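K.L.:
Sequence:
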Amino acid sequence: MEERERARARRRRRRRQRQSKVKWTRLIIVGIILIAVLSGIGWGLYTGVSYVYRSITGYSENTVEETSDKQDVSTVSVEQKRLDKPVYVLVVGTDENNPSQGDSLFLLSINIDQKTMDIIGIPSNSKIDNRDQTATVMLNTMYEKGGIELTKAVVEDMFHISIPYYIVVNQDAFKKTNDVLGDQQIYVEQNMEHFDANGVQDIDLRRGYQTLNSDKALAYLRYSDPKNDTFTRLQRQERFLKLWVENEHNSFFLTNAWHIWRVWDYYESNISTMDAIKLMYNVGRMNKDQIHFYILPGEKEVIEDKTYWNINPTEAQRLVGIMMGTLPANEMTQFISAPTNSTTKRSDDSEDSKKATTKPTEPGDDNNAKKENR
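Residues in the sequence shown are numbered from 5 upward in steps of one, following the working numbering.
The set of hints was computed from the structure by calculation and includes no laboratory data.
Being a predicted model, the structure only gives us computed values, none of them experimental.
Misleading hints may appear alongside valid ones.
[Claimed, not checked] When the alpha-carbon atoms are kept at most 27 Å apart in a straight line, the in silico DSSO-like pairs for lysine-lysine are as follows: (1) K149 x K292; (2) K89 x K179; (3) K220 x K119; (4) K119 x K89; (5) K131 x K304; (6) K149 x K119; (7) K149 x K131.
[Unchecked claim] Across the chosen pairs, the derived CB separations fall in these ranges: (8) D206 x L258: 31 to 39 Å; (9) Q189 x G150: 35 to 43 Å; (10) L42 x N334: 48 to 56 Å; (11) S166 x N195: 39 to 47 Å; (12) E303 x N134: 16 to 24 Å.
Just so it is clear, CB atoms sit at the ideal spot from N, CA and C, and this is done for glycine as well.
Sequences are here, hints too, so could you generate the full structure?
P.N.:
Set out below in structure tokens:
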């Protein structure tokens, strides 16, 4: 009997030993896998942060050529050559026409040394006289006729400055950017409806606070009032752009760098990805009070039943003085964008709150756009 008990005890010990060996083997395998995964993540973070740091600080151990599969545009090194000569960047948002038109235009002035940034919205129906003075056209048609180079040349003539850099954002690139940055909360100031040329509704937004995904955000920026008010559309575009800028300014730099890294290849730009990250780094160091939004001053002018934005050249040069730092920002009294109007609810119950249905029309047909004097 005792012999039998001892045999059972030996068998139990051997079973426990085998189970213990299996358990330790599994723990060792899991530990090795976990160490490998953590090492990979750590190495990825280290190389990513080191690469961004070297690019920003100018330190490099090797010369690396940047390539991009999605852009076939030669890049230009971004630098501020003088204190009174900021980095000028023309941003053009294009539509889906073939050929495309430049329906959203913004001039960015980034003064790295003075730590200021000015963003000027340019109405797409701005009046442009042909150089031979034979015809009057709208600014948005310049992209259709000569692409970004002609558009940039015309804007340079407007302000009498040289604009070395540009960014072209089509609708797919805009939606990709909004996907990366996240849905935006904004107050939609009126009901918005639009039907395309085939009678299919492509815009349907209700008045009130909205969280706009990429499709709805694009609809909000594309929408023109019943009388095709290009000026109010530019106000909405600038309001939305301000949301993006404010959100990114409140984020950590590494988050901003990651965002740029993910979306930059979707843009057509002569600014490299790393230079874009450097610019974002410098913008992030600016005080919020030093980031200003404007709309190019002017007044409406009707020519042959088309409404143009007739630019005020004196006020345009005043803007140049502000961008160069020779005039204070408060020197500009016309069309200064309010600091926070993106989620401000309107108290009036005007006709804008009613449903507005528009047919496809060209920009610049509104005779009742209101000026903002703030």
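K.L.:
Run every hint past the structure and note whether it holds.
P.N.:
Status of each hint after checking the structure:
Between K149 and K292 the alpha-carbon distance is near 38 Å, which puts this suggested pair outside the 27 Å criterion. Proposed proximity of K89 and K179 is contradicted: the alpha carbons are some 33 Å apart, above 27 Å. Distance check on the hinted pair: K220 and K119 sit about 34 Å apart at the alpha-carbon level, beyond 27 Å; violated. This hinted pair checks out: K119 and K89 have alpha carbons roughly 13 Å apart, not beyond 27 Å.
Annotation: proposed proximity of K131 to K304 holds, straight-line Cα distance about 9 Å (limit 27 Å). The hinted pair formed by K149 and K119 fails the criterion: a straight-line CA distance of about 36 Å is larger than 27 Å. Distance check on the hinted pair: K149 and K131 sit about 15 Å apart at the alpha-carbon level, within 27 Å; holds. A hinted range of 31 to 39 Å for the beta carbons of D206 and L258 is consistent with their spacing of about 37 Å.
At roughly 38 Å, the beta-carbon separation of Q189 and G150 lies within the given 35 to 43 Å, and the hint holds. A hinted range of 48 to 56 Å for the beta carbons of L42 and N334 is consistent with their spacing of about 53 Å. Judged by the Cβ atoms, the range 39 to 47 Å given for S166 and N195 holds: they are separated by roughly 43 Å. With their beta carbons about 21 Å apart, E303 and N134 fall inside the hinted range of 16 to 24 Å.
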